[in-house]
Amino acid sequence: MDEAQVDTERKIEVRHFIKEEEIDPRMYNRPYYLGPESGKNKYAMIARALNETGRIALCTWSMRGRSYYGALKAVDDTLLLVTMRHEHEIFPVNRLKLKKRKVKKKELQSAKSLIREMHDDFDPSEYRNEYQQELMHFIEQKAKGKKPKKKRAKRRKPTKPSELQKMLEKSLQEARQ
Amino acid sequence: MPSYLWSGTLTFGLVTLPVQLSPAVESGQVSFQMLHKKDNAPLERKYVCSKDDKVVSSRQQARGFQVGKDDYVIITDSELESLAPERSRSIEIDRFVDIDDIDPIYFNRPYYLVPDEGSERPYTLLVQALAETGQAGIAKFVMKAREHLVAILAVDEALCLITLHFERQRVSAEDITPGKTRVSHDELDELSGHIRRATRKFDPGKFRNEYEIELMKIVRKKARKEGAVKSPKAKTKKIKKQKAVKKVTETLKNIRD
Numbered sequence: 001m002d003e004a005q006v007d008t009e010r011k012i013e014v015r016h017f018i019k020e021e022e023i024d025p026r027m028y029n030r031p032y033y034l035g036p037e038s039g040k041n042k043y044a045m046i047a048r049a050l051n052e053t054g055r056i057a058l059c060t061w062s063m064r065g066r067s068y069y070g071a072l073k074a075v076d077d078t079l080l081l082v083t084m085r086h087e088h089e090i091f092p093v094n095r096l097k098l099k100k101r102k103v104k105k106k107e108l109q110s111a112k113s114l115i116r117e118m119h120d121d122f123d124p125s126e127y128r129n130e131y132q133q134e135l136m137h138f139i140e141q142k143a144k145g146k147k148p149k150k151k152r153a154k155r156r157k158p159t160k161p162s163e164l165q166k167m168l169e170k171s172l173q174e175a176r177q
Numbered sequence: 001m002p003s004y005l006w007s008g009t010l011t012f013g014l015v016t017l018p019v020q021l022s023p024a025v026e027s028g029q030v031s032f033q034m035l036h037k038k039d040n041a042p043l044e045r046k047y048v049c050s051k052d053d054k055v056v057s058s059r060q061q062a063r064g065f066q067v068g069k070d071d072y073v074i075i076t077d078s079e080l081e082s083l084a085p086e087r088s089r090s091i092e093i094d095r096f097v098d099i100d101d102i103d104p105i106y107f108n109r110p111y112y113l114v115p116d117e118g119s120e121r122p123y124t125l126l127v128q129a130l131a132e133t134g135q136a137g138i139a140k141f142v143m144k145a146r147e148h149l150v151a152i153l154a155v156d157e158a159l160c161l162i163t164l165h166f167e168r169q170r171v172s173a174e175d176i177t178p179g180k181t182r183v184s185h186d187e188l189d190e191l192s193g194h195i196r197r198a199t200r201k202f203d204p205g206k207f208r209n210e211y212e213i214e215l216m217k218i219v220r221k222k223a224r225k226e227g228a229v230k231s232p233k234a235k236t237k238k239i240k241k242q243k244a245v246k247k248v249t250e251t252l253k254n255i256r257d
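Protein chains in written order, with my numbering: chain D, 1 to 177; chain L, 1 to 257.
Hints were generated in silico from the structure; no laboratory data involved.
A few of these clues could be false.
Computed Cβ-Cβ distance ranges for the label pairs, DEER-style [claimed, not checked]: (1) 161/D / 221/L: 51 to 61 Å; (2) 156/L / 33/D: 29 to 39 Å; (3) 65/L / 10/D: 39 to 49 Å.
Stretch-level coverage of chain D by chain L, calculated; a stretch enters the list once three of its residues show a Cβ under 8 Å from a Cβ in chain L [what the hints assert, rightly or not]: (4) 14-23; (5) 55-69; (6) 72-81; (7) 84-92; (8) 105-113; (9) 129-142.
Note that the structure is predicted; figures quoted are calculated from it, not measured.
The beta carbon of each residue, even a glycine, is placed where N, CA and C say it ideally should be.
All chains, please: the whole structure from these sequences, using the hints.
Following this line, the structure appears as structure tokens:
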């Protein structure tokens with residue numbers, strides 16, 4: 001296995017630049033920050049230029065005998081390097097053998113309106129891992145010798161195909177309120 | 001067809017459809033089976049009791065939360081599910097956002113959603129509507145006793161669910177970002193111009209995993225020289241050298257192309 005190792009060089013090479021929207025989100029793997037050791041001015045300039053142009057630098061490098069490629073982008077004044085998955089690591093969608101169904105024009109219009117109505121900014125700080133807190137609370141109750149109450153779930157009924165349009169319109173009305 | 005990891009319902013607005021979750025990625029093609037050196041029998045992972053060294057079957061295993069050196073609070077599967085019964089069974093989209101609004105720092109692991117029989121039409125509808133609007137649905141749900149924040153988007157006419165990191169998991173860049181620095185305008189313009197000129201179309205096929213390719217070449221070399229081995233206790237017939245080499249070449253081709 002040692003023979004397979006690629007030469008490790010202490011450098012990250014920018015191959016070329018791309019537009020961010022061209023990257024299939026399935027390819028993003030793990031994010032890392034890149035920090036400057038020296039040359040803070042150059043670092044700041046690269047971050048500014050990437051921000052200004054809205055481009056991503058595609059990079060290759062090697063670490064511990066393995067080769068990697070990734071996307072270098074600017075998040076405010078910091079450089080973020082996200083390692084990317086290789087194409088062959090992604091299962092192609094055709095393996096799912098999805099059956100295609102024709103969608104009615106009116107349904108599509110309603111679904112798009114609903115999406116627009118339910119549109120908002122993405123604010124990750126709004127979301128917390130509540131489950132973990134609930135779990136710790138539950139364990140605490142059990143440790144005290146109490147028998148915590150079990151909650152039951154209501155089963156959600158699948159929407160009947162014949163009611164699809166009706167439900168979309170109703171959703172739209174509710175979203176508008 | 002890859003196996004399902006979770007099944008439940010997906011809801012947007014008042015529309016609900018039953019779905020299954022299936023993996024969208026595998027980490028690399030090259031994986032090795034560990035064998036017993038003396039007779040090449042494949043090795044398995046098993047849980048062994050620390051008290052009597054005996055193998056413990058999955059039915060005999062319990063989950064304990066450690067509260068003292070040898071003290072545990074037992075939590076059962078049904079208790080875990082009862083904690084968040086709604087979110088354990090359903091993925092409810094609470095809003096739609098621009099895909100470009102999600103910083104790649106949040107992306108974790110991609111999966112596919114597959115509709116149950118009879119729910120193909122609402123599925124296709126959501127795929128098309130998301131694709132045409134460039135939006136992703138945001139939801140939270142619980143899988144295997146863990147809560148996940150997820151983005152649901154359309155890729156290649158399927159629904160892709162990508163787990164996202166929670167904001168709290170994000171490491172602050174405070175100590176990394178250099179403080180105020182002076183940047184020359186001329187130099188910045190020059191660099192930005194260079195970046196624009198050096199912009200190409202993204203071709204992911206160009207970036208190959210050199211390490212895996214080298215590794216498979218070594219495996220092929222060995223297959224040519226020595227062929228394959230197996231445990232003498234195995235019931236199947238030994239495969240010919242040629243067939244072993246062919247199998248390796250197939251994997252190699254998959255990684256390369």
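Could you tell me which of the hints above the structure violates, numbers in ascending order?
Of the numbered hints given earlier, the structure breaks none, since each of them holds.
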